[in-house]
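The chain contents come next:
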Amino acid sequence: MSRDVWSKKKANASGDNGWAERGGYMAAKVSKLDEQFKLEAPREKQKDGTCSTIFSGISIYVNGYTDPSADELRRLMMLHGGQFHTYYSRSKTSHIITNNLPNSKIKELRGEKIVRPLWITDSIQAGCLLPCLQYQLYNQKGPLFPAMISRQTPEMAGPSHQKLHLPQRSMQRSVLNQESQNNSLPPPNHSRLYPDNIQPQSVQPSSAARLINPQPSHLASTYLNTDPRHRSPSHTHLLSNPSPTKPPLKPPLSPLQNPQANLQHQRAGQQQPHSNSSYNSSCKEVELKINGFLQTSFDVMSHSKLKEMQECGKADPLPQVVKEAHLTNGHSHLVNGALKPEDLLSPAQPSDDTELPQRRVKSSHDKPHSPPGPFQTKPDPYEFPQSPPKQSEQSVVSLKQSSSHEANEKRLKPPPPTYQEALKATETHLLPKQLHPSRPVNSHPEKTPLSPAHRSLSHSPVRLNGSHHNAFSSASLNSTNITSKPHHPTEKSPSPSKSSAQLMAQTGGLISEYYSHSRLHQISTWRSGFSEYVNELHSKRKAAGGASFPGRERLRKSVAQRSDRGGTSAPTSVKSCIFHVDMDCFFVSVGIRHRPELQGRPVAVTSSRGQGRVPLRPGAQPQLESQYYQRKHAPPEMEDEDLDRSPSEDSPVPHTNGVDQDTATLSRAEIASCSYEARLKLLLCSGSNILLARLATRKAKPDGQHLLKPEEVDDFIRELPVTSLPGVGPVMGRKLAGMGVRSCGDLQQVSLSQLQKKFGPRTGQTLFRFCRGLDERPVRYEKERKSVSAEMNYNIRFTKVDEAESFLNNLSMEVQKRLQDAGLRGRRVTLKVMVRKAGAPLEPAKYGGHGICDNLARTVMLAQSTDSGQLIAAAVIKLFHAMKLQVQETRGIGIQVQLLDGHHSGPQDSAGPGSRSIKQMFLRQGSGRSRKIGQCEVSVFQVLSLLPSVSSITSEPMEEDILQVVRFCTDLIEDKDLEKLDLIIKYMKRLMQRSLESVWSMAFDFILDNVQLVVQQTYGSTLKVA
Amino acid sequence: MTTLTRQDLNFGQVVADILCEFLEVAIHLILYVREVYPSGIFQKRKKYNVPVQMSCHPELNQYIQDTLHCVKPLIEKNDAEKVVVVIMDKEHHPVERFVFEMSQPPLLSISSDTLLSHVEQLLRAFILKISVCDAVLNNNPPGCSFSVLVHTRDAATRNMEKVQVIKDFPWIVADEQEVHMQEPRLIPLKTMTSDIVKMQLYVEERAQKT
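Read top to bottom, the protein sequences are chains A and B.
Just so you know, the first sequence maps onto residues 1 to 1026 in this note's numbering.
Just so you know, the second sequence maps onto residues 1 to 210 in this note's numbering.
Worth flagging that the hints you see were computed from the coordinates, not collected in a lab.
The beta-carbon is built from N, C-alpha and C at its ideal position, and this holds for glycine as well.
Hints may contain errors.
Taking lysine-lysine pairs in the BS3-like style, the calculated list, with each CA pair at most 27 Å apart, reads [what the hints assert, rightly or not]:
(1) B/K82 - A/K976
(2) B/K209 - A/K1024
(3) B/K72 - A/K1024
(4) B/K129 - B/K198
(5) B/K72 - A/K976
(6) A/K1024 - B/K82
(7) A/K989 - B/K90
(8) B/K82 - A/K986
(9) A/K986 - B/K198
(10) A/K735 - A/K757
(11) B/K129 - A/K976
(12) B/K90 - A/K1024
(13) B/K129 - A/K986
(14) A/K45 - A/K105
Interface residues of chain B toward chain A, partial, derived using beta-carbon atoms under 8 Å [to be verified]:
(15) Q62
(16) P188
(17) K190
(18) K198
Okay, the calculated beta carbon distance ranges per label pair [said to hold, decoys possible]:
(19) A/D971 - B/Q121: 23 to 31 Å
(20) A/P841 - B/H151: 56 to 64 Å
(21) B/V136 - A/V999: 50 to 58 Å
(22) B/E120 - A/D971: 22 to 30 Å
Modelling step: build the complete structure from the supplied sequences, incorporating the hints.
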């Protein structure tokens, strides 16, 4: 055994710790095993009688459990002239026999032949070596796409599907494998597979090659030809647009290969960046990018390639190509951008093709949610028969190239489909209109048939994956493509020059898409909506004089009747009573509202799958909700309890002589009656204050009520664990446990001063009171809104600064919308950015998620309160640039507006006495600055005296102010007044060090850097800052 | 100090006198504070109403005096941009440069009666600052020497070649290595702005002195 094998082995195999020390033991063992095998083989043959040499030259390695077992396989190999390796060796083992492999292994063994054991037994049965293609273990996607995998597994799961797919997949893989074996490196096959890569013009067999292709192409062509007429209504009316003449053969030529071609270029770039004349530039770029990344990116590339091969015809070839390139290195735009225009055609064309099968599937099977299964099988034929595809691929690419060469300037390429559009039916309908302006531009007739295809393709990923996720990433991708090819007309914008507008539109769509799908967003908007509604009701009531609650009247009446009837229950002397109404398991309750069959059974509420249901649910709920809220106000002064579980006060009851259990029952019945339609579970607990009302909830569960009587309070609360108190979380719980305090009873033993010492004056006080059941917080009806924000941290994958900017613009618009909805204006704008933590995986486990991130925030004070999205956007974009982030690493962005004031309070005068920003100070100070002795001195000391107050008051530095300071300092340098400068710098430094917020020290650093630069220019040396 | 009147005095000369006087005191003090020469050769004197140290080494004193004598005409014509006291280590690489950067306002006017006393105050501040500058500077390596450089404005050097103020004491163009310092760090010491002169003193210190 050669050494390098073992060093490789060491790197590959797991669990050989210490065993693979330089040759040595393992080498000896392996060679011994080989010898044994050789020795045993003849004996075995004699014993068995049947022997052959069908496996000669083949050596297998069995991984994991197989059927037949490894031992049996070993025996079979002995009998039939094969080799059996107990230990895997990359160079010697030709086949790996296994039933399944973990992802990591797949990654590791990519390029090897991984075959199911059936191959051996079948081969023996057949008496000859069967091609292993049929038996290759289906290799899923790269491990970096767990989401994709998980999403697809259900599709794969069906045994029937499996059977359908497997052979084809393995075929495709085998092509790969054979190639890869030839070249010993996994990916290089492309040079052979696609010779056109190297000699773009070499082969021109024309479309014939494809048409020769047995049935599949036949299918394809017919479909393609009939295609335009088959399209769904939304498309057909597009087709009625200008030039419906469609070259019938054009689309069939290119479709499938495009992703490959696309990828090919990347591949070629990796492999042989210089061998390739026409693609040289692009290749180099790609190579650069690729090499700039880790091994993983390479792996991903190859995986993507594999996947591409396998699923090229599948749902969405383009998205995959692009997406993966995107995911891998975030430089996909470079790839695209570097490619010649003819390549740009490629993204567009596959759509034509893939769309077909889908359409076919849809029409034939008529089940939009499960196309992937049958769907996958359809396109396969294109590449499945082994030799023809190669040829046809060549021809396709070369033909495409040649044709596109001539059409190069004239033709404006259709962009990759925008998926987000696909998501919204409405938008798709809009498309023709949007497209319309671009039509005159592209005179090439070819364009027309393509464009509908986009749209149709744009449907497919959504349906296929059953989620909108794809759409996001591809949407952002699209914008990349678009920006990198400005000459590229998009469906969205009439003139190619308006790429920024496109960007805006794209990211805007992204955002609205996100918010239309985000469940949390729905919840929070309902919540704010209903709290507004409640507030409205309250104000109405106030306006009406207070007695307009029918429920209260009813309640009062019934209580009165009871006491009339003889007062069965003696009114207890409760001064006031607070009801805490908790809608238990709200989502479930709502969910099973119209599904009585689920009543009493375990129900899980999940996030919506597929786009269809999302609009449905929110649609259903508001109506239900408002019913609920309207009626809920029968008992007066109820707060909105369901979502935030805030307690509510029942003031009339004390008015009617206190509460007792019956009253509670009554009012519960009252509330329940209003929630009758909702059939929601309802917890009602009452106590004398908010705390008790809330704490009593647990006694009322499930679906019950509980009245906490004053005399019970002490016992009740003593038994409660401290962690059930509001504000006592796990951390404080641990601290308390450290003090030996577990229950509120224990806590009562701790003195106030001790608590305050430990937890601070306020918290200590609160704890002290809470554990005694004391709570004096009033019930609030109106919760003042402190901030308005919009945040998105799903599927944020920018590749260019432009995208980030337009995204910020759009997000600002969203904020503007919200501000205006709420009738608020804000002054302080905070930009929150999530940036991939260094070392975190490029793609998190959750598909499109943000993964592990560093959260950064920057705040700026606007000159005056605003609700204008443009102002906010401008501020935020500045902040974003000031953060000097890598846009690729951005994983989430949020904009928050604080210091809100309503419209009624007019815009604050920023120059007013109340505003104290450094800028003002400097402006004042700057105007006072003059050459006169004395005044100059004063001005400096003004600065110095003002700085501390400013930095302590304004919590965040403002960019303008910082610039102002820099300007002031540079003026000082120009005035040759280094002493003052030094004073200011030192003083600022001290201040910044004292201030706890890092933003200040960052601001200081910024100032210092700028000042040093000027000093350097003027004096040739930098200021020494002690 | 005598009372100055506008008629009989060349203002430039007055300013140059004041500055050269100040520079002499300053140089002595720098040499003392920065320990270029052993403290034994210095004597305590009183200038600008503050104690200063002055060397009593005749040759050194002569050198300083001669140098300043040559600087004076430059200052008079406002040709001197900077007067630099360079402290060099054994290899004659500068470790510290005390830069007196000066400029005169285009129109000299001695308007205020309190001007001179005010200028004196300002200069005193300079002196005091120099005397405590060791607090902000790192110690110099042993065996240092010093030289005085003048940065002139425009082509003033040509005239200096022609007119030698003191015989056999010509100006020479400074070596590049004396002027340039590796990784200089700038420490501003003092700035003054008065009607007759605007001057600031800063130190450029080599980051690594040893």
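Results for each hint:
no.	hint	result
1	B/K82 - A/K976	12 Å, holds
2	B/K209 - A/K1024	14 Å, holds
3	B/K72 - A/K1024	31 Å, violated
4	B/K129 - B/K198	17 Å, holds
5	B/K72 - A/K976	22 Å, holds
6	A/K1024 - B/K82	20 Å, holds
7	A/K989 - B/K90	36 Å, violated
8	B/K82 - A/K986	25 Å, holds
9	A/K986 - B/K198	23 Å, holds
10	A/K735 - A/K757	13 Å, holds
11	B/K129 - A/K976	17 Å, holds
12	B/K90 - A/K1024	24 Å, holds
13	B/K129 - A/K986	17 Å, holds
14	A/K45 - A/K105	34 Å, violated
15	Q62	32 Å, violated
16	P188	3 Å, holds
17	K190	5 Å, holds
18	K198	7 Å, holds
19	A/D971 - B/Q121: 23 to 31 Å	25 Å, holds
20	A/P841 - B/H151: 56 to 64 Å	58 Å, holds
21	B/V136 - A/V999: 50 to 58 Å	29 Å, violated
22	B/E120 - A/D971: 22 to 30 Å	28 Å, holds
In terms of the numbered hints stated before, the structure departs from hints 3, 7, 14, 15, 21, listed from lowest to highest.
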